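Engineer: This is what each chain is made of:
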Amino acid sequence: MIHDPASIAGRTLTPRERTAVLVIGAGPAGLAAALEAARQGAGVVLVDENPVPAEVMEEDIPLLFGGRMTGAVRNRAAMLEAFIASDPAIAAAFDAGVDVRLGVAAWGLYINGPGVGWLPGPLAGLSDGARSWMIGCERIIVATGRRDMGLAFPGWERRGVLGMTAALRLAARYGALDARRAVVLGSTAEALDGARRLHALGVGIAAVIETASAPLDDPGTLPLRTGCVVRRAEGDAEGVTALVIARRGEDGRPVPGTDLRIACDTVILGIGAVPMIDLLDAAGCRIAFSAALGGHVPVLDDAQRSSIPAIAVAGDCAGIGAAKSRDVTIAQAEGRRAAAGRAAPDGARAGPGHDIAGYRLDWVRATLLAADDEDTHVCRCEEVTAREILELRPPRYLGWPDRGRNRRDLRSLLGAGPPNPDQVKRLTRAGMGVCQGRRCREQVACLLALSAGCGLGEVPAATHRAPVRPLPLAVAAGAEEAAMAAHWDTWFGMKSQYLPYWEVPAHYTAAGRDAPDQGDGE
Amino acid sequence: MSGTGASVIIIGAGATGLSAGWWLARDGVDVLAIDRGIVGWEASGRNGGGCTHPFSPLFAEEQRLWPMMDELLGYPTEFRPQRIRVAFDAGQFARSAQAARDAARQGFASEVLDIAELRRLAPLVGDGVHGAHLHRFGGHANPHRTVQAYAWAMQDHGGQVMQHTAVTGFTGSGGRVSGVHTDRGTFGCDHLVLAAGPQTRRLAALLGIDLPMAAARAEMIVTEPLPLMPLGGVDGNGLYGRQTLRGNLAYGGGPHEWIDPNGIGATPPPSTPLMRQIAGRLARLLPRAAHARVIRSWAGIVENTPDGRPVIDRFGNVTIATMSSIGFGLSPASGHAIRDLVQEGACGFADLSSLRLSRFERLEPDWISRQGWQPPSGAGTSGQAGSAGRMLS
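Here the protein sequences come in this chain order: A and B. Letter 408 of the first sequence, counting from 1, is numbered 408 in our numbering, and no numbers are missing. Letter 20 of the second sequence, counting from 1, is numbered 20 in our numbering, and no numbers are missing.
Hints are computed from structural coordinates only; laboratory data are not their basis. Note that the coordinates shown come from a computational prediction; the quantities given were computed from them, not determined experimentally. Every residue gets a Cβ at the ideal spot worked out from N, C-alpha and C, and that includes glycine. Among the hints, a few may not be true.
Just so you have them, the derived chain B footprint on chain A, three or more residues with Cβ under 8 Å [claimed, not checked]: (1) 120–134; (2) 222–228; (3) 239–246; (4) 282–293; (5) 387–401.
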C-alpha cells in the first residue's frame with residue numbers, strides 16, 4: 001500500500017517505557033488503586049507531580065498557593081521527605097513493589113478514537129521538569145484530586161489569598177504554610193472542615209465569611225459571619241493585611257456604612273472544591289456537569305471506568321461531596337474498584353454533596369458583579385475584568401477604539417445556544433494564560449450563566465488541552481528524525497498545491513501528480 | 001416548507017462562508033449562514049493565521065484586502081503585514097525563493113535577509129540558519145477574532161447566522177436547489193453556497209455533485225507570551241504560524257493524519273503526542289524561545305482536494321467552495337469571489353479557471369489509495385507497534 005510520506009501513516013511512536021497500569025496521583029484514591037493493582041500482580045507505575053518546585057508553586061501551579069509558602073518549599077529533598085512521611089501508604093506502595101515516582105507530572109493522556117488512529121495504544125506524557133517522555137500502558141487510573149475555585153475581588157492577586165486545598169496541602173503535608181491569622185470564605189463542608197484542621201495546626205481563624213444568610217454546613221465554634229459581601233483585601237509588600245467586608249443588602253450590594261475591616265495575613269477561598277479533570281477532558285473522556293459532585297466530572301460506570309474504557313477514575317477528580325471529603329475510605333474504595341475493575345456494591349458509591357450551582361453563582365453575583373472594578377482581573381494571567389468578559393471587549397493591548405458601532409456583548413454571540421466559555425476565551429483571552437484557566441474558569445462560567453440567565457450546568461466546560469501543565473519547548477521536544485521534517489517543508493508536503501496558478505494543467509490525475517507539467521494545458 | 005429562508009443560504013459558518021456572507025450582505029443581499037456548531041469552530045479557528053498565498057489566483061486580492069479588513073469589518077482581525085521565511089537547508093531556501101518569484105511576477109517584493117537583519121527583525125531566531133527571505137507581502141491575522149468579525153460584520157449589514165443547526169438534506173437537485181432541510185426546520189433559498197469544510201463533499205453528494213476530497217487532522221501548539229519580535233510572522237522548518245500580538249508563539253505542522261471525517265462532530269478530536277515533534281521543530285526555528293512553555297495544543301480537521309488547490313465553482317444556483325486547507329488567509333478574497341459567482345455568475349477580479357471542479361474529470365476513482373491518503377487502517381488500537389515503523393521518540 002502506498003503511504004503519503006508527509007503523513008503519519010507508516011510511522012510508529014515507540015514510548016520510552018511501558019507499564020501494565022499507570023496510576024496518576026498519590027493521594028488516598030491513587031495509592032489504594034496502586035496497592036490493589038500491585039496486589040493482583042500487575043506492574044504498576046504511580047506518578048505524582050508533588051512536590052512541585054517552589055518557583056512553580058509561586059505561579060499557582062497546580063493549586064492556588066497564593067504565595068503563602070514558607071522558605072521550606074525551596075528545599076526539594078526535605079519537601080520530598082515530608083510528602084512521603086505525610087501518608088504511610090506511600091511507603092507501603094514502595095514496599096509492595098509499586099514503581100513510585102514523586103515530582104513527576106502527567107501532562108497528557110492519549111488514546112485512539114474518532115479522528116486519531118496512529119497511536120500504538122494508551123499513552124501518557126510524563127515530565128520530571130528536566131525532560132519529558134511517553135509511557136505506554138494497558139490501563140490508566142486517574143486520581144488527580146481537587147483544586148480550588150478562584151474568586152476575584154479587589155486585592156485577590158495579593159500574596160496571602162489562596163485556596164483551601166492549597167492551604168491544607170502546605171500546612172498538613174509539608175508544614176510549609178506561612179499563615180498566622182486567616183479569614184476563610186465559604187461555608188461548605190470542605191471550607192469548615194479545612195478551617196478546623198488549619199486551626200488545629202496553629203493557624204488562627206479570624207472569621208468565616210458566608211455571603212448567604214445561612215451556612216451550608218455546621219460551623220460549630222468557628223467565628224461565622226453570614227450575609228456578608230467581600231469588598232477588598234488590603235495589604236502591603238508582604239501580602240494581605242486585612243479583609244474588608246460589608247453587610248449584604250436586599251439588592252445584593254454592600255450596605256453603605258457597614259464596612260468592617262478584619263485584620264489577617266491570609267484569605268482562604270473555600271467557595272468550591274473542584275474536581276481536577278484536566279487530563280481526562282484533554283484526553284477526550286466524556287464530561288458532564290453534576291451540581292451534586294462539585295461541577296464538571298467524568299461520566300463513569302459502576303466500576304469507575306470513563307467513556308474511554310482504558311481510563312478509570314477515582315477519588316476527588318471523580319466527584320466531590322461532603323461524605324467523600326470527610327471519609328477517606330470512600331476515595332480509597334473507589335481506587336480499589338478502579339484497579340480491580342469491580343462494580344460498586346449497592347450504596348457504596350459516594351453520596352451527593354450540596355448543590356454547588358446556586359451557591360457558586362451567588363458568590364460570584366455578590367462579589368464580582370457587585371465590585372465591578374476596572375482593576376480587578378478575573379483572569380489574572382491575561383488581565384481581563386468581569387465587565388470585559390461580559391462585553392466581549394478585545395484585549396487592551398490591541399488598543400481597539402471603543403466605537404459605538406461595534407460594541408458587542410454576550411447576547412450577540414449566543415444565538416440560540418448557551419454561552420460557550422471557549423468562544424468567550426477566544427475573543428477576550430480570559431482563561432488563555434499560563435495558569436491554564438485554573439484560577440478563573442469556574443468564575444467565568446458563573447459570569448456567563450448569570451449574564452445569560454441560564455443554569456450553571458448549561459454552560460459547557462471550558463476545554464482543557466494537553467499539556468495540562470506548562471512544559472518548556474526544550475523539555476517537551478521529542479526526538480525527531482530529519483526526514484520527517486523534510487516532508488513538511490511545504491504545507492501537507494503537496495507540491496501541486498504550490499504550483500503558481502498560471503502553470504496549473506487543465507486536468508489533474510493521481511498518476512500525474514509528481515509530474516504536474518505533463519498535463520494537456522489549454 | 002416552513003416559509004422562512006433567505007435569498008442566499010450559506011452552509012458553513014467558517015472563514016470562507018462568513019466572508020461570502022459578509023460580501024453578500026454588504027451588497028444588500030438577504031443572506032443566512034447555517035452551521036452545525038459555533039462560528040469558526042472548526043478549521044477556520046484552528047490554523048496558524050497565515051495570509052500569504054502567492055501561488056493562488058486570489059493572491060492579489062488577498063493582499064489588497066487584508067490591510068483594510070479591520071476598517072471594512074469594523075472589528076479587529078489583528079492583521080500584521082509581511083512574513084519571514086527561515087530556511088535551514090538549500091531545499092527550504094529554494095522553496096522560499098520560488099514563493100518570492102511567484103509573488104514578484106504579480107508585483108510583490110521580497111528580499112534575502114542577512115543574519116544581522118534577520119536577528120533584528122526576529123530576535124528569537126538562533127544559529128544554524130541557511131538563509132531567510134523577507135516577503136514584503138502577506139502577513140498573518142488572528143483566526144478567532146477574524147471569523148467572529150466576519151459574523152458580526154455580516155449581521156451589521158442585515159445578514160443572519162444560525163449556529164447549532166445541522167443540515168439534513170435539500171429540496172431540488174440538478175443545479176436547482178430551493179430549500180435546505182435542517183434539524184430546526186426547512187429554509188427556502190434562491191441560491192445555495194456550500195462552504196462546509198470537510199463536510200462539503202458529503203453535502204455536495206446530496207446534490208449529485210462529486211467533489212473529491214480527503215480529510216486530515218493537523219496539530220498546533222501555543223506557548224506562553226514572550227516579548228514581541230519586531231516582525232511576528234516568522235515561519236519555516238516545516239512549521240506554519242506566528243507570534244501573536246500578545247506574544248505567544250502559535251505554530252503548527254506535520255505530519256498530518258488522514259482520517260475519516262464521518263462521525264466526527266463539530267468538536268474536533270484531541271491532539272496527539274505530535275505536540276512533541278512540533279515543539280522540537282519550534283525550538284530549532286526559534287532557539288532563543290526554547291525556555292518558553294507550551295500551554296496548549298490542539299487539532300483541527302482540514303479537507304484537501306487531490307491537488308491541494310481550492311475548488312470555487314458554480315453549478316446552476318449552487319456555488320461550492322472548498323479551500324483545501326488554505327482557506328483562512330484567502331478568506332477575504334474567496335468571499336469576494338463567491339459573491340461574484342452568486343451575483344454575477346463569474347469572478348470579476350481573478351481568473352478562477354485553475355479552481356474549477358472540471359479539472360478532476362479524469363481523476364482516477366481510486367485516487368485516494370494512489371496518493372496514499374487513506375486513514376491508517378485499524379491503526380494501533382491496542383498492543384505493540386508494528387516493527388517496520390520508524391521511531392519518533
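Engineer: Against this structure, judge whether each hint is valid.
Structural biologist: Do the hints match the structure? See the list:
1. Only residues whose C-beta sits within less than 8 Å of a C-beta in chain B count toward coverage, and the stretch 120–134 of chain A has 7 of them, enough to reach three; the restraint holds.
2. With 0 residues carrying a beta carbon less than 8 Å from a beta carbon of chain B, the stretch 222–228 of chain A misses the three-residue requirement, and the given coverage is violated.
3. Requiring three or more residues with a Cβ within less than 8 Å of a Cβ of chain B, the coverage given for the stretch 239–246 of chain A is violated, as only 0 such residues are present.
4. Note: the stretch 282–293 of chain A has 3 residues with beta-carbon separation from chain B under 8 Å; the three-residue rule is met and the coverage holds.
5. Note: the stretch 387–401 of chain A has 5 residues with beta-carbon separation from chain B under 8 Å; the three-residue rule is met and the coverage holds.
Going through the hint list in order, the structure does not satisfy hints 2 and 3.
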